[in-house]
Amino acid sequence: MADQTTATSGSNEPQANAGDLASSSIALAFVLHTIKLHETADAVAFEKFMLNEVFPAVDTHNARMGETTPDQHFLLGGRGIDEYVWMIRLEYFIHHTPLPTWLGNRARESYAGVKDKIEPFGTRTDMELLYDVKEWHQQLGMG
1359 MADQTTATSG
1369 SNEPQANAGD
1379 LASSSIALAF
1389 VLHTIKLHET
1399 ADAVAFEKFM
1409 LNEVFPAVDT
1419 HNARMGETTP
1429 DQHFLLGGRG
1439 IDEYVWMIRL
1449 EYFIHHTPLP
1459 TWLGNRARES
1469 YAGVKDKIEP
1479 FGTRTDMELL
1489 YDVKEWHQQL
1499 GMG
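Residue numbers for the sequence shown follow our numbering, so the first one is 1359 and each next one is one higher.
Fair warning: there could be bad hints in the mix.
[As the list claims (entries may be wrong)] Below, computed lysine to any residue pairings styled on SDA-like, alpha-carbon distance capped at 25 Å:
#	residue 1	residue 2
1	K1475	L1434
2	K1475	L1487
3	K1473	V1402
4	K1394	D1440
5	K1394	V1416
6	K1473	G1462
7	K1473	D1429
8	K1394	V1472
Worth flagging that the hints you see were computed from the coordinates, not collected in a lab.
Please work from the sequences and hints to get the whole structure.
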């Protein structure tokens, strides 16, 4: 799970204060990592590995930013017998943009930290970062 200690001065994570959080809205984003299994990979072993080892170990939420909800992970099948989508539902604070740069970094880091463990099973072929427009519209006063 994520380290919940206080931020160090060398951290490149955005720092929030009470005023920032009070003027922000919590928004949802979804990260989609598409993983294509190698021809020799055992799909059942991959599924168990993702569900039992990767998902409990990966959490990019930032308690220092006031984020209280841990990331939620889903392993989705159905695109093909050898292709999966690792979907991460995460929350973040909207400040000025629906997809701040640090959120893209957070999405990339979710895979980077376990890449070496996943690659014996398959290769990530795509990553998408999508956000919920409802909260962003409310932040802009578009109702």
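Name the hints, by number, that the structure is in violation of.
none
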